[in-house]
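Asks: With numbering that gives the first Met the number 0 as the guide, the letters of the sequence shown map in order to residues 0 to 438.
These are calculated hints, taken from the structure and not from any lab test.
Glycine included, every Cβ here is placed at the ideal spot set by N, Cα and C.
It is possible that some hints are incorrect.
[Claimed, not checked] Cβ-Cβ distance ranges computed for the label pairs, FRET-style:
hint	residue 1	residue 2	range
1	GLN27	ASP295	35 to 41 Å
2	ASP109	GLU251	46 to 52 Å
3	ASN166	GLN27	29 to 35 Å
[Unchecked claim] SDA-like cross-link-like pairs, simulated, lysine to any residue; straight-line CA separation at most 25 Å:
hint	residue 1	residue 2
4	LYS300	THR360
5	LYS227	MET24
6	LYS103	GLU156
7	LYS120	PHE401
8	LYS85	LYS182
9	LYS103	SER397
10	LYS300	GLU266
11	LYS394	LEU108
12	LYS227	SER380
13	LYS120	MET409
14	LYS182	PHE98
15	LYS41	ASP125
16	LYS105	MET409
17	LYS289	PRO361
18	LYS394	THR360
19	LYS305	ALA254
20	LYS305	THR13
21	LYS394	TRP107
22	LYS16	ILE344
23	LYS14	LEU3
24	LYS61	GLY39
25	LYS182	SER263
26	LYS61	LEU201
27	LYS289	MET0
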Amino acid sequence: MIALLRDSDLDFETKFKALLERGAMDIQSVEERVRELLEGIKQQGQNAIIEQVARFDNWNPKSFEDLKITQEQMQKAYESLDKSLKDSLQLAYERIYAFHSKQKPKTWLDFEENGNILGQKVTPMDRAGLYIPGGKAAYPSSLLMNAIPALVAGVKEIVVCTPTPQNEPNSLLLAAMHLCGVKEAYKIGGASAIGALAFGALDSKGNGIAKVDVITGPGNIYVATAKKLVFGEVNIDMIAGPSEIGILNDGEAKADYLAWDLLSQAEHDEMASSILITTSQSLALEVSRKIEEFLDTLERKEITAKSINERGAIIVTSSLEKGIELMNQIAPEHLELLVKNPLEILPHIRHAGAIFIGENTPEPIGDYIAGPNHTLPTGGSARFFSPLSTEHFMKKSSIIAFSNKGIWQMGKECGILAHTEGLDAHQNAVLARLNHKEH
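Between the sequences and the hints, there should be enough to build the whole structure, so can you do that?
Replies: As structure tokens, then:
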């Protein structure tokens, strides 16, 4: 049964502190093993990847060529979909593309009165690696959410890695790849995939997988650890942990809505967390009963029940203001505002990955069809991370062009600052221009 807490309980602070640790991953426990896997790929390339896939995914590729997913496979999977599923994927594609197009930063220039030009040049990454989970379940929606921002950004080469236990790629995932125009994909999962993307694995003829510039996409603790270890070799989006939802309620909502929304995250995996904060004791009890009732109807009942029982919680607070304070401390990946006047509450929400407003906006709408990205910061990292966006696949260069008048006006002050730091060549590089102009 889901835990029931009250902010008036004597042990509330202790229990709430434990909730704040929900996303903690014991990276140290797997770091040595992940380092070994990454080092193997760095040193032995394709041979190490083949061996690791055989060890972890329960099938035996004979060569690196066996790990490739062909465009023909993607196209066949897409063409085999029934019309309603094709239409649903297309609608999701169009909405996600439209939303991320509005995010795209632009190159800009500013012309100062003295003739100086300052600005910023925005350039897409050359090559992006997308990791799409495929262990307990396959996630075509994650492919759309990772590939489309890269497409909008203008990335030239997109490569996908996904685990395929027993060498059985998910057909819907392949169909999503076709829809996104993916040309390069591999049946590689876990830390092995991150190593392959970060270091590359080319044979003597230059065939295989080339290293990427950025790696995005969620995964288990091995994937998260590997991403952390290769950061600097490549860029990454974030270190994502188990999925989570926070719901803020003022005592007036339908109990079945709240129960289903909590269960929608719990069914992801045993480590997911679902937290409801409400001002109503009676509603809290009713939601708890509904959860137990609905659990029996779920295909993933065992996974969902473990998540709810071990990592779920309903918190009853003395006021909505207290609930807001607690939710900001939680900084949930997904936050639902099921309150009377959500737009009045919104300015007080400081930390959340994605915010769902009103009773007609359940979290799964954001997972699939709304448009904003569902790759979000977890475990409280919404305090400093943002959702995956077009900008993750782009980089910025500053533009600086000084005119004759500009260097004359500011060169002396620049030289003074350089001299103060003891950097004579810096100072002289500027003064040489000024001296030349005097003559």
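Asks: A separate judgement is required for each hint: does it hold in the structure or not?
Replies: The hints, checked one at a time:
Take GLN27 and ASP295: their Cβ atoms lie about 38 Å apart, and the range 35 to 41 Å holds. For the pair ASP109 and GLU251, the supplied restraint of 46 to 52 Å holds, since their beta-carbon distance comes to about 50 Å. Taking 29 to 35 Å as the suggested C-beta distance range, the pair ASN166 and GLN27 conforms, at roughly 33 Å. With a CA separation close to 24 Å, the supplied pair LYS300 and THR360 stays within the 25 Å bound.
At roughly 12 Å between alpha-carbon atoms, LYS227 and MET24 fall within 25 Å of each other, so this suggested pair holds. Proposed proximity of LYS103 and GLU156 is supported: the alpha carbons are some 18 Å apart, at most 25 Å. Between LYS120 and PHE401, the direct Cα distance comes to roughly 17 Å. Compliance with the 25 Å bound is thereby established for this hinted pair. Restraint check for LYS85 and LYS182: the C-alpha separation of about 20 Å stays at or below 25 Å, so the hint holds.
Distance hint between LYS103 and SER397 is fulfilled; the C-alpha atoms sit about 17 Å from each other, no more than 25 Å. Taken as a hint, the LYS300 and GLU266 pair is honoured in the structure, with Cα atoms around 8 Å apart against an allowance of 25 Å. The hinted pair formed by LYS394 and LEU108 meets the criterion: a straight-line CA distance of about 16 Å does not exceed 25 Å. Only pairs whose Cα atoms come within 25 Å are accepted, and LYS227 paired with SER380 is accepted, the gap being roughly 14 Å.
A distance of roughly 24 Å separates the Cα atoms of LYS120 and MET409; the hinted pair therefore holds under the 25 Å criterion. Between LYS182 and PHE98 the alpha-carbon distance is near 24 Å, which keeps this suggested pair within the 25 Å criterion. At roughly 21 Å between alpha-carbon atoms, LYS41 and ASP125 fall within 25 Å of each other, so this suggested pair holds. The suggested pairing of LYS105 with MET409 is violated, with an alpha-carbon distance near 28 Å, which exceeds 25 Å.
Proximity of LYS289 to PRO361 is assessed by CA-CA distance (about 17 Å); at most 25 Å being required, the pair is judged to hold. Between the alpha carbons of LYS394 and THR360 the distance comes to roughly 33 Å, so the proposed pair goes past 25 Å and is violated. Only pairs whose Cα atoms come within 25 Å are accepted, and LYS305 paired with ALA254 is accepted, the gap being roughly 21 Å. Between LYS305 and THR13 the alpha-carbon distance is near 22 Å, which keeps this suggested pair within the 25 Å criterion.
Proximity of LYS394 to TRP107 is assessed by CA-CA distance (about 14 Å); at most 25 Å being required, the pair is judged to hold. Proximity of LYS16 to ILE344 is assessed by CA-CA distance (about 24 Å); at most 25 Å being required, the pair is judged to hold. With a CA separation close to 10 Å, the supplied pair LYS14 and LEU3 stays within the 25 Å bound. Distance check on the hinted pair: LYS61 and GLY39 sit about 18 Å apart at the alpha-carbon level, within 25 Å; holds.
Under the criterion of a C-alpha separation no larger than 25 Å, the hint pairing LYS182 with SER263 is inconsistent with the structure, at around 33 Å. A threshold of 25 Å between alpha carbons decides the hint, and for LYS61 with LEU201 the separation of about 16 Å falls inside it, so the pair holds. As the CA atoms of LYS289 and MET0 are separated by approximately 11 Å, the hinted pair is consistent with the 25 Å bound.
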